[in-house]
Amino acid sequence: MKNKTILIVISSALLMGFIFFAGMNIYKNNEFKKYEFAAKDNFKLFVPEHSIRKGSADAKIFVTEFFDPECETCRRFHEVNLHFLKEYDGKIQYVMRYAPFHGNSIMMIKILEASRKQNKYWEVLEALYAHQPEWGSHHNPQPDLVWKFLPDTGVNIAQLKVEMESPQIQKIIEKDLLDGKQLQISGTPTFYVNGIPPEAFGPEYLKAAIDKALVEL
Amino acid sequence: MEKSKVLIFSAWLSACLATLGSLFLSEVMHFPPCTLCWYQRICMYPLVIILVTGLFPVSQSVIRFASPLAIIGWMIAVYHNLLYYKILPESASPCVRGISCTTVFIEWFGFITIPLLSLIGFTLILSLLFATHRTLTNEK
Numbered sequence: 011m012k013n014k015t016i017l018i019v020i021s022s023a024l025l026m027g028f029i030f031f032a033g034m035n036i037y038k039n040n041e042f043k044k045y046e047f048a049a050k051d052n053f054k055l056f057v058p059e060h061s062i063r064k065g066s067a068d069a070k071i072f073v074t075e076f077f078d079p080e081c082e083t084c085r086r087f088h089e090v091n092l093h094f095l096k097e098y099d100g101k102i103q104y105v106m107r108y109a110p111f112h113g114n115s116i117m118m119i120k121i122l123e124a125s126r127k128q129n130k131y132w133e134v135l136e137a138l139y140a141h142q143p144e145w146g147s148h149h150n151p152q153p154d155l156v157w158k159f160l161p162d163t164g165v166n167i168a169q170l171k172v173e174m175e176s177p178q179i180q181k182i183i184e185k186d187l188l189d190g191k192q193l194q195i196s197g198t199p200t201f202y203v204n205g206i207p208p209e210a211f212g213p214e215y216l217k218a219a220i221d222k223a224l225v226e227l
Numbered sequence: 056m057e058k059s060k061v062l063i064f065s066a067w068l069s070a071c072l073a074t075l076g077s078l079f080l081s082e083v084m085h086f087p088p089c090t091l092c093w094y095q096r097i098c099m100y101p102l103v104i105i106l107v108t109g110l111f112p113v114s115q116s117v118i119r120f121a122s123p124l125a126i127i128g129w130m131i132a133v134y135h136n137l138l139y140y141k142i143l144p145e146s147a148s149p150c151v152r153g154i155s156c157t158t159v160f161i162e163w164f165g166f167i168t169i170p171l172l173s174l175i176g177f178t179l180i181l182s183l184l185f186a187t188h189r190t191l192t193n194e195k
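Residue numbers (the working numbering), protein chains in the order written: chain E, 11 to 227; chain H, 56 to 195.
Chain H on its own, in the form it takes in the complex (with noise of 0.2 Å):
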């Protein structure tokens, strides 16, 4: 496989993984997901079906249509990520009804959490996607 497609399969492995998680979490264990997962959620969600799209065949229009996504829910990623290590207060956020969003519901080894998951998700497919561009610029 040439380099732009494996980056691009990469990048849909990690949407697979962070999909498949998320549902495992709310679906199998029960966590009810709050407000900014569900953001989080639509724009993850697509990323799947955008980037196994992509593969065939790849070329910068898959960045096109997936990097938005992946930049709205990294921007989210981050927004949650500092709500819920307290770097902003939680007056800030919008979830006051239902599920707060910064309720702890797994902390892995002391600091791998839910949210945390997600930013890493979101960080790892926006590199791929940037990583898949520049190798495509180059090769032209």
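Bound-form chain E, shown alone (with noise of 0.2 Å):
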């Protein structure tokens, strides 16, 4: 009798891990599916003219990232990132979008948009992801701290401080905003790679959906 019982619930354990494991292939492709469907069409959400890119211009691989300066992840992820742009060197290109999750993510965006008109951009981003840790404590947030390390970019702070609030920069991050709802963003940083999304979160996935692009290319 208990070992009828025993038997009943292991098998009946067994089936539903079973169904919600083949449930979740399934979901998943259908996803992969939509949205490879979505990148031939849409190929301006994922690598619309307004973002900056970093990589060779030829290249024909983009890797759209959506991040958010004050987010830890990104800053971990932004060495991974160098690393690859090193390692497929010529093969791809970074689009950076944004998706300001954080208190002060829109101020940071502002600056870096604004930077990116003195041609400051990779620099300032390097600084605000060094001292990330002072300025961006989710404990202390201490946004006008930035303004003690940025002259050391080089960037011009008053000039800098004009153009932060141009109504250009503004729409920039209205538009990241209203396409990473449409994509249903929930987290930081998230890349596609020519439109579709790694198989999951990871340095590894994201190398993966890289030599799969490179092998459909």
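Treat the hints as calculated values from the structure; they're not laboratory data. Keep in mind it's a predicted model, so treat the numbers as computed, not measured. Among these hints, one or two may not hold up.
Subject to a maximum C-alpha distance of 30 Å in a straight line, what follows is the list of computed DSBU-like cross-link-like pairs (lysine-lysine) [unchecked claim]:
no., chain 1, residue 1, chain 2, residue 2
1, E, LYS12, H, LYS141
2, E, LYS12, H, LYS60
3, E, LYS191, E, LYS158
4, E, LYS54, E, LYS101
5, H, LYS141, E, LYS54
6, E, LYS222, E, LYS101
7, E, LYS43, E, LYS191
8, E, LYS185, E, LYS217
9, E, LYS191, E, LYS127
10, E, LYS43, E, LYS120
11, E, LYS14, H, LYS141
12, H, LYS141, E, LYS191
13, E, LYS130, E, LYS181
Here are a few chain H residues that sit away from chain E, every Cβ distance over 12 Å (derived from the structure) [what the hints assert, rightly or not]:
no., residue
14, ILE63
15, THR74
16, HIS85
17, PRO101
18, PRO123
Ideal Cβ placement from N, Cα and C applies to all residues, glycine included.
Could you use the hints to bring the two separately framed chains together as a complex?
What follows is the structure in structure tokens.
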């Protein structure tokens, strides 16, 4: 009697587990197909004109990153991105899009976009990430600390402060927010390789997605 | 199997279904769970363990341990549904930051939503526990 119950419980558990994982695979496959379709139809969604890019301009593989300068994981992923840009030199380019999810994200994005006008975008991004633990602590964010270290990057602070408020930058942020919403982005960083999301989150999955795109080229 | 065993087994199946279902929604489909969902999960997930251990053998104690969780979860689910279907105003909700508790993620057949599924789950488990209690009292 007891053995029979144990048997029934174990087989039900196995069956439910099996259904769960089968469902997961079916769902992921469907998602994948959906994105592939979206990528072909909506190139602009993943590679919009207004977004800054890094890497060789003639590269055929676009790695779109929705990021937030105030997000710690984005900070850690920045190293990974630089590594990939070296490893796949000439083959990939990064498209930087914003997903501001923190209290001071918008201010930092404005700083980034304003520094872009002075051709200092990457230096400033580097500096923001390097000092992120100071200005972006979640317990005690002190965004004004950025004015202490930003001059080291060589940007003209007075000019930057004026250009930060340009309506053009506001438009970029709004567009990225809107597209992020359409793609249902709920965390940062979120990556797409030629419009297709990696199978799961993590550097190894991003690499696999890039390799896959290279094969299909 | 005796009747009480079938009842607790069914309650366990419901708890498993609710647990796996909610994990599927958040981990596979990446719907972020709101605060109220988390409170309901806190009540639902332990039921999977409590109910299955309570099968060997079935006694009043499984009801004693499982029902507080099921009742608390049920009450939160009722509150969540009242918010969700706008019977209570959202200003009374504790979820102001992050994901709103009234964001509609799924709507199957036009009326089946995630909070409703949770309420159905808790109601089912509670009813099964109640039925087990009656069966055990009658058997004595």
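Evaluation of the provided hints:
1. LYS12/E x LYS141/H: 48 Å, violated
2. LYS12/E x LYS60/H: Answer holds: LYS12/E to LYS60/H is near 11 Å, not above 30 Å.
3. LYS191/E x LYS158/E: 34 Å, violated
4. LYS54/E x LYS101/E: Holds. LYS54/E to LYS101/E sits at ~20 Å (cutoff 30 Å).
5. LYS141/H x LYS54/E: Violated, at about 38 Å.
6. LYS222/E x LYS101/E: 13 Å, holds
7. LYS43/E x LYS191/E: 20 Å, holds
8. LYS185/E x LYS217/E: 28 Å, holds
9. LYS191/E x LYS127/E: 27 Å, holds
10. LYS43/E x LYS120/E: Violated - the C-alpha atoms of LYS120/E and LYS43/E are around 35 Å apart, more than 30 Å.
11. LYS14/E x LYS141/H: Between LYS14/E and LYS141/H the Cα gap is close to 47 Å, so the pair fails against 30 Å, i.e. violated.
12. LYS141/H x LYS191/E: Judged against 30 Å, a Cα distance of about 24 Å means the pair holds.
13. LYS130/E x LYS181/E: 20 Å, holds
14. ILE63: 10 Å, violated
15. THR74: The claim breaks: THR74/H does not keep its Cβ more than 12 Å from every Cβ of chain E (closest is about 9 Å).
16. HIS85: 6 Å, violated
17. PRO101: 16 Å, holds
18. PRO123: Label holds. Min Cβ-Cβ 23 Å, cutoff 12 Å.
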